[in-house]
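Asker: Chain by chain, the residues run as shown.
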Amino acid sequence: MIGADAIVKCLEAEGVEMVYGYPGVAICPFYNSILNTDIRTVLIRTEQNAAHAASGYARISGKPGVCCVTSGPGATNLITGIATAFADSIPLICITGQVDTQLIGSDVFQEADITGAVESFVKYSYLIRDVNDIPRVFKEAFHIASTGRKGPVLIDIPADVQKDTISKFKYPEEVSMRTYKPTVKGNMVQIKKVAKQLSGAKRPIICAGGGVLLAGAQEKLQAFSEKFGIPVVSTMMGIGVMPTDHPFYYGMVGNNGRAYANRAMNESDFLMFIGARVADRAVSQNGFDADNKTLVHIDVDPAEIGKNVGATIPIVGDVACILEDLLNQDITVESKKWQDTLKEYRKAFAEYKESHADALVKKSGDAVDPCEFVEVLSRALDDNAVYVADVGQNQIWSCGNYVMKKGRFLTSGGMGTMGYSIPAAMGAKMADPSRQVVAVCGDGAFQMSMMELATIMQEKVDVKIFVMNNEVLGMVREHQHFVYKDKFSMIDLSQGSPDLGKLSEAYGIHYKKITSEKNMKKEIEAFLKKKGCGLMECRILPDEVVRGM
Amino acid sequence: MTEKKKKIYSVLVENKSGVLSKVSGLFARRSFNIDSLAVGETDDPTVSVMTIVSSGDHRTLEQIEKQLNKKLDVIKVKTFTEPNSVSKELLLMKVRYNKSNRREILDTCDMMKAEIVDMSKSNMMIQLCAAPEKVALFIKLMASVSIVEMARTGTLALPKCVDQD
Numbered sequence: 001m002i003g004a005d006a007i008v009k010c011l012e013a014e015g016v017e018m019v020y021g022y023p024g025v026a027i028c029p030f031y032n033s034i035l036n037t038d039i040r041t042v043l044i045r046t047e048q049n050a051a052h053a054a055s056g057y058a059r060i061s062g063k064p065g066v067c068c069v070t071s072g073p074g075a076t077n078l079i080t081g082i083a084t085a086f087a088d089s090i091p092l093i094c095i096t097g098q099v100d101t102q103l104i105g106s107d108v109f110q111e112a113d114i115t116g117a118v119e120s121f122v123k124y125s126y127l128i129r130d131v132n133d134i135p136r137v138f139k140e141a142f143h144i145a146s147t148g149r150k151g152p153v154l155i156d157i158p159a160d161v162q163k164d165t166i167s168k169f170k171y172p173e174e175v176s177m178r179t180y181k182p183t184v185k186g187n188m189v190q191i192k193k194v195a196k197q198l199s200g201a202k203r204p205i206i207c208a209g210g211g212v213l214l215a216g217a218q219e220k221l222q223a224f225s226e227k228f229g230i231p232v233v234s235t236m237m238g239i240g241v242m243p244t245d246h247p248f249y250y251g252m253v254g255n256n257g258r259a260y261a262n263r264a265m266n267e268s269d270f271l272m273f274i275g276a277r278v279a280d281r282a283v284s285q286n287g288f289d290a291d292n293k294t295l296v297h298i299d300v301d302p303a304e305i306g307k308n309v310g311a312t313i314p315i316v317g318d319v320a321c322i323l324e325d326l327l328n329q330d331i332t333v334e335s336k337k338w339q340d341t342l343k344e345y346r347k348a349f350a351e352y353k354e355s356h357a358d359a360l361v362k363k364s365g366d367a368v369d370p371c372e373f374v375e376v377l378s379r380a381l382d383d384n385a386v387y388v389a390d391v392g393q394n395q396i397w398s399c400g401n402y403v404m405k406k407g408r409f410l411t412s413g414g415m416g417t418m419g420y421s422i423p424a425a426m427g428a429k430m431a432d433p434s435r436q437v438v439a440v441c442g443d444g445a446f447q448m449s450m451m452e453l454a455t456i457m458q459e460k461v462d463v464k465i466f467v468m469n470n471e472v473l474g475m476v477r478e479h480q481h482f483v484y485k486d487k488f489s490m491i492d493l494s495q496g497s498p499d500l501g502k503l504s505e506a507y508g509i510h511y512k513k514i515t516s517e518k519n520m521k522k523e524i525e526a527f528l529k530k531k532g533c534g535l536m537e538c539r540i541l542p543d544e545v546v547r548g549m
Numbered sequence: 001m002t003e004k005k006k007k008i009y010s011v012l013v014e015n016k017s018g019v020l021s022k023v024s025g026l027f028a029r030r031s032f033n034i035d036s037l038a039v040g041e042t043d044d045p046t047v048s049v050m051t052i053v054s055s056g057d058h059r060t061l062e063q064i065e066k067q068l069n070k071k072l073d074v075i076k077v078k079t080f081t082e083p084n085s086v087s088k089e090l091l092l093m094k095v096r097y098n099k100s101n102r103r104e105i106l107d108t109c110d111m112m113k114a115e116i117v118d119m120s121k122s123n124m125m126i127q128l129c130a131a132p133e134k135v136a137l138f139i140k141l142m143a144s145v146s147i148v149e150m151a152r153t154g155t156l157a158l159p160k161c162v163d164q165d
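Chains as they are written, first to last, in this note's numbering: chain L, 1 to 549; chain Y, 1 to 165.
For reference, chain L alone in the conformation it holds in the complex (with noise of 0.2 Å):
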């Protein structure tokens, strides 16, 4: 047995279904070894891309996605791939291809010092050297990217060791690692006083992130809030931890968020944040102020905890386990008049959007209205459906009108990667192919990885892709139209841009306009039905702003 074959035993051993990447010389014994299993492969059009669909795959399996590339380019293009997974705590496995060990710093033909290159941007990185090591650090990486706080590991593996004959194959059945013990069960010190503090609380909220998707603790959440009456918010990672419609959930906070869920946190006394790293985005609206409140901060990564806010009370540990022990606690919490004050808080928005309708509704003309349609095609999915949205305008309108029923929102929230969309959807469906997957993007997302609709053919993968085609990057035009008074630079995708009706006929994709609200209800339903892949493309004025949702 070579090494290449034990990298596939390896991955077998770990129950892995789907390989994403591109090849090389540098990682082709593998891609020979791999011919052998029952592992299907995905040649996916660039690298980057090769991980998005891991990272897509990984949030809807719940395993790691794995990504496997050559050395050189196709390790450096797997890069942003790599820390937008980082970025949100996405568990992947990136194998990368290396030049011969005797070669490695002499800048031989695509030689990468990758390791170092991603060093900020990984959890953890291998570079095996001796092939006898290969099952004790595939078990490593595994354990390491699906444990503690989640995250991507690389595995740099040159040639040579590929093809070298290991003497002794033997998958490791248990990882001893000195270094990495996460805690998972919270100090129960912490959360008896939490429990204590809680029970006095007025006005309790929870704030609620992407660590509890990670850690698949949503009905637990649910429950907690239930159980004593707690409303919720989330960031933008945290959107589908409840139902959009449910009584307790007040949407998404943030300088993009609903204006009534930050009223909701800052106005609170007691505020939870579980699985969430307060990040900028979540914080950085007027009137939040972490002083005037008690704080609970929960989270598995501890460096987390007092890097962006100072907790009052700071748990460590797995979400999932935390809130386990905080429903078994024996308190009660009056909350009822502060339910009733953000219910009127709620209400006032919706009458004030009823009121304000027709004046949004009708200046378009020939266009949707993007917060109109992100809602229409939300309602019309299923269930469980998986919403992959984009990154710009798009985003901020696919957050704010989203309606959850059971599915999933996925995004990339940290790293604001464009592009993430379509591959990342690819991956989804491809982790479940028995749940409606949609891609929703802008035109200038579109067009970083269109190259992937080849993939999604050549794999027959059924995913449904939504542009918001407006011409223009929307995102920066917004910026420049607000900051800049108009001066607008580099953002004109008008020209050049190719037919998306001649695009998606050339790719034997499905494709449906439309321009107005006029049935739009009735053609996105239409759509979503057809079998395979399909592209509907929607107009959007380019001056839409992302306005106070």
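FYI, nobody ran anything at the bench for these hints, they're computed from the structure.
Beta carbons: idealized from backbone N, C-alpha and C, even for Gly.
Some clues are possibly wrong.
Claimed, not checked - For the chain Y half of the interface with chain L, some residues (derived, Cβ under 7 Å), not all of them:
1. G25
2. R29
3. Q67
4. K70
5. L72
6. I75
7. K88
Said to hold, decoys possible - Computed list of chain L residues with no C-beta within reach of chain Y, every gap over 10 Å:
8. P73
9. T76
10. D130
11. D160
12. T244
13. N266
14. D269
15. A279
16. A290
17. I331
18. H356
19. N401
20. R435
21. H479
Put chain Y on the given structure of chain L with help from the hints.
Answerer: Only chain Y this time, still in chain L's reference frame:
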């Protein structure tokens, strides 16, 4: 709030290649200061100890410890301040001397308990092992002499001996 403090981190790490760059890279990436850094083996050959002196406000100093703990090659982080530790630095200094200042140099060395470890007709090399402030003071005192070159190790430190009972 933003008062700057000094802290010593004694970081036990896996003794393998690339670890120093990971640790120093962490300081660079997060804009943490490194006032000094000394690396060496411990009694266990698989473990190295990095003694890092850093300064910053309370939150930064706490983040440094947490971020160090997050690194998977870090086995243990111990922190202490100067008053509750014994900290030493080694200095080697080469100076040019002549008849007129030789006596003065030797007197200063004598007072500061520095040692002459090498000598030629015009140059001498002085060694001083002392607390970091004393090393700094010695360099100041010798500034009037012609210093040819010098090297410092950076601070090495261990917490003071305390009986556990």
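Asker: Work down the list of hints and note, for each, if the structure agrees.
Answerer: Hint by hint, here is what the structure shows:
1. Proximity of G25/Y to chain L holds as hinted, the smallest CB-CB distance being about 6 Å (cut-off 7 Å).
2. The interface hint given for R29/Y is met, as the beta carbon of that residue sits about 5 Å from the closest beta carbon of chain L, less than 7 Å.
3. With a cut of 7 Å, the hint placing Q67/Y at the interface with chain L holds, because the nearest CB-to-CB distance is about 6 Å.
4. Hint on K70/Y holds. Least Cβ distance to chain L is approximately 5 Å, under the 7 Å limit.
5. Against a cut-off of 7 Å between C-beta atoms, the interface hint on L72/Y holds, since the closest Cβ of chain L lies about 5 Å away.
6. With a least beta-carbon distance of about 5 Å to chain L, the hint placing I75/Y at the interface is held under the 7 Å criterion.
7. A cut of 7 Å between beta carbons decides the hint on K88/Y: the least distance to chain L is about 28 Å, and the hint is violated.
8. With 10 Å as the threshold on Cβ separation, the claim that P73/L sits away from chain Y holds: the shortest Cβ distance comes to roughly 22 Å.
9. Every beta carbon of chain Y lies more than 10 Å from that of T76/L, the smallest distance being close to 17 Å; the non-interface claim holds.
10. The beta carbon of D130/L is kept farther than 10 Å from every beta carbon of chain Y, the shortest such distance being approximately 13 Å.
11. The Cβ of D160/L lies farther than 10 Å from every Cβ of chain Y, with a closest approach of about 19 Å, so its non-interface assignment holds.
12. The claim that T244/L lies off the interface holds: its Cβ sits roughly 35 Å from the closest Cβ of chain Y, which is beyond the 10 Å cut-off.
13. For N266/L, the requirement that its beta carbon stay farther than 10 Å from each beta carbon of chain Y is met, with the minimum near 22 Å.
14. Non-interface status of D269/L relative to chain Y is upheld: no Cβ of that chain comes within 10 Å, the nearest being about 23 Å off.
15. Once the 10 Å rule is applied to beta carbons, A279/L is consistent with being away from chain Y; the minimum gap is 15 Å.
16. The non-interface label for A290/L is consistent with chain Y: the shortest C-beta to C-beta separation is roughly 13 Å, beyond 10 Å.
17. In this structure I331/L is separated from chain Y by more than 10 Å, as the shortest Cβ-Cβ distance comes to about 31 Å.
18. At roughly 43 Å, the least C-beta separation between H356/L and chain Y is larger than 10 Å, which holds for a residue marked as non-interface.
19. The Cβ of N401/L sits about 36 Å from the closest Cβ of chain Y, beyond the 10 Å cut-off, so the non-interface label holds.
20. Distance to chain Y confirms R435/L as a non-interface residue, since its nearest Cβ pair spans about 34 Å, more than 10 Å.
21. Residue-level check passed: H479/L sits 26 Å from the nearest beta carbon of chain Y, beyond 10 Å.
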